[in-house]
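Visitor: One-letter residues, chain by chain:
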Amino acid sequence: MNIFWKRFKQNRLATAGGVMVLLLFIVAAFAPLISPFDPNEIDRNSILEPPSEVHILGTDDLGRDVFSRMIFGSWISLAVGFVAVGIATFIGIIFGALSGYYGGWTDRIIMRFVDIMLSIPTLFLILAVIAFIGPSIWNIMIIIGLTSWMGVARLVRAEFLSLKEREFILAAKAMGAGDMRIIFSHIMPNSMSPVFISAVLGVAAAILLESALSFLGLGIQPPTPSWGNILTLGKDNIEIAWWLSVFPGLAILFTVLAYNLVGEGLRDALDPRLWQRGR
Amino acid sequence: MIQSLLSVEDLSISFASEIKSLNTVNEVSFKAADQDFLGIVGESGCGKTLTALAIMKLLPSNAISSGRILFEGKDILAYKDKDLQKIRGSKISMIFQEPMTSLNPVFTVGNQIAEVLITHQSMSAKEAINKTIELLKVVQIPSPELRVNDYPHQMSGGMRQRVMIAMAVACKPSLLIADEPTTALDVTIQAQILELLGSLQERNRMSLLFITHDLGIVAEYASRVMVMYAGRIVEKSPVQDMFINPRHPYTIGLLESLPGKKGAKLKPIPGQVPNTESLPSGCKFRTRCRYVIEECHLKEPSLKPAGNSEHLSRCIRAMEL
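These protein sequences, in sequence, are chains A and U.
Using this note's numbering, read the first sequence as starting at 1 and increasing by one per residue.
Using this note's numbering, read the second sequence as starting at 1001 and increasing by one per residue.
Just so you know, these hints were derived from the structure itself, not from any lab.
The beta carbon of each residue, even a glycine, is placed where N, CA and C say it ideally should be.
There could be a bad hint or two in this list.
[Unchecked claim] Straight-line C-alpha distance at most 30 Å; calculated DSS-like pairs for lysine-lysine:
#1 K1020/U with K235/A
#2 K1265/U with K164/A
#3 K164/A with K1267/U
#4 K235/A with K1080/U
#5 K1299/U with K164/A
#6 K1091/U with K164/A
#7 K164/A with K1131/U
#8 K1091/U with K1074/U
#9 K1304/U with K164/A
#10 K1031/U with K1126/U
[Stated by the list, open to error] Taking beta-carbon pairs under 10 Å as the criterion, some of the chain U residues facing chain A (in silico):
#11 S1061
#12 P1105
#13 V1116
#14 H1120
#15 I1177
#16 L1255
#17 P1301
#18 K1304
[To be verified] Chain U regions said to be covered by chain A (calculated; three or more residues, Cβ under 8 Å):
#19 1085-1091
#20 1306-1313
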């Protein structure tokens, strides 16, 4: 653990990513304290005002403070990112574990199902499903989760395939451990580091997907603020109010970059093969 | 006759490949009584480990086994998984060759030993940890109260093998299978581990099935020996008898290749173990045997008494040797 922490800190980009993620957490957690205005407060006297001392990131077409809306939007992004990835990781681990451990027909059926899921363009599938069940933050989280577990399943399967042949698994069987015990308490803890990395990278992907959906109007519904739906307003007013497009766009960029940096830092730090190379 | 603890009858193991099936173990039969110390000797790839795994019913899924393995009178090959799990670790245990890879790297050794106790003896976690410390003391690990919290990578090979032994004997099994438990260790550690296994066998009154390629170990500890070659038992006898009067050319070759008097040259057995896919006709050892005659090519000899009823050999010239 210590070596890992040391390696992670040596990687400046990863540390920067970590600080950025931390910052996003703080902003989301203390949103009501930080934001200068109520994000949904309509002010007819200040419609589409450019950034100024009062409204540091300007206002939108209803006179709402963009800075405040973005701060509340960060909470939405975070929640969607983590819940969706949580669901995806859970499903992926279960399917991957069953597939890798039992092999044979179980494996073939699950892996073909994964192939089918991967062959469907995710965004269109989500759009179609959302059109049926209606957009809400919970639906978005669940749908993103249900459509992004395949990578995790493949990772876990690969880990299980190699781990189940290891001698300590045979030894555990010789000591009388049953299948469930072997899967959950012997193999799983040994296969978690790549899953952990892919989960962190997955958060970035989920946030991006949520923003895309909200931008298309099938994600988080106004008036609840989300970076995606602020962007939509930006698109409508792009000729007169550049700040509506630029700042939420930068926020998305910042967040996705942060998670990707942390994810790659983790991968480097957790991979013992990279430890050999002097740095 | 008294029912023996373990009785293996005509055990054959083959692997089905796409072209043909490979017979890796062929009609192996033996018995182990209570508190027996049975040595199985042979070169790599002669089927020793497969035989041991078959007794635990832990063969790879593509292996096909036939014959019967009676443990306490019941056929293990007919057991259901649930019942097998109850027996493994509590009545039959196994120690593996590689202590470096036989322990789960993400749990402390204490955890792993305690797990066996919790599974089989439904102990509470606290009782199990206390018992674990006791077990570590039995296998002579210094300051067990501290070592119980160590991870496998913090221990040396010898220590890990002691942990494996502690785990294997935790529930006082009546049969312990040791698959080359000392091969991966230093010679000095080897002796300690053997000493430990010997004393545990006496103390727990268990039967020990000791797989090795080292005849020296067998001579010192075992009461009976079985020599295997190419998946077959070629000689089976009480230990002294085998060392004084070996009745199979392969055994003779193994004895001659042991380091003996100082300065004396070792006499290796010429050639290599034949590939399972292309075993010779007749006697499987004939390609490397210096006593080979015309008849050896024709028919594989059966395992027959040679000298006395306890001493069996699979050689047509057994009595001339």
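Visitor: Does each hint hold? Answer for all of them.
Guide: Evaluated hints:
1. K1020/U with K235/A: 69 Å, violated
2. K1265/U with K164/A: 45 Å, violated
3. K164/A with K1267/U: Since the Cα atoms of K164/A and K1267/U sit roughly 41 Å apart, the hinted pair is violated (cutoff 30 Å).
4. K235/A with K1080/U: Roughly 66 Å separates the two Cα atoms, so the pair is violated.
5. K1299/U with K164/A: Violated - the C-alpha atoms of K164/A and K1299/U are around 42 Å apart, more than 30 Å.
6. K1091/U with K164/A: Holds, at about 24 Å.
7. K164/A with K1131/U: Cα-Cα ~29 Å, so holds.
8. K1091/U with K1074/U: OK: K1091/U and K1074/U at ~13 Å, within 30 Å.
9. K1304/U with K164/A: 42 Å, violated
10. K1031/U with K1126/U: Between K1031/U and K1126/U the Cα gap is close to 39 Å, so the pair fails against 30 Å, i.e. violated.
11. S1061: Holds. Min distance 8 Å.
12. P1105: Holds: closest Cβ of chain A sits about 7 Å from P1105/U, inside 10 Å.
13. V1116: Because about 5 Å separates V1116/U from the closest Cβ in chain A, which is inside the 10 Å limit, the hint holds.
14. H1120: 6 Å, holds
15. I1177: Holds: closest Cβ of chain A sits about 8 Å from I1177/U, inside 10 Å.
16. L1255: 31 Å, violated
17. P1301: P1301/U check fails; min Cβ-Cβ to chain A is 35 Å, beyond 10 Å.
18. K1304: Interface hint status for K1304/U: violated (35 Å vs cutoff 10 Å).
19. 1085-1091: Satisfied; 6 residues make the cut.
20. 1306-1313: violated (count 0)
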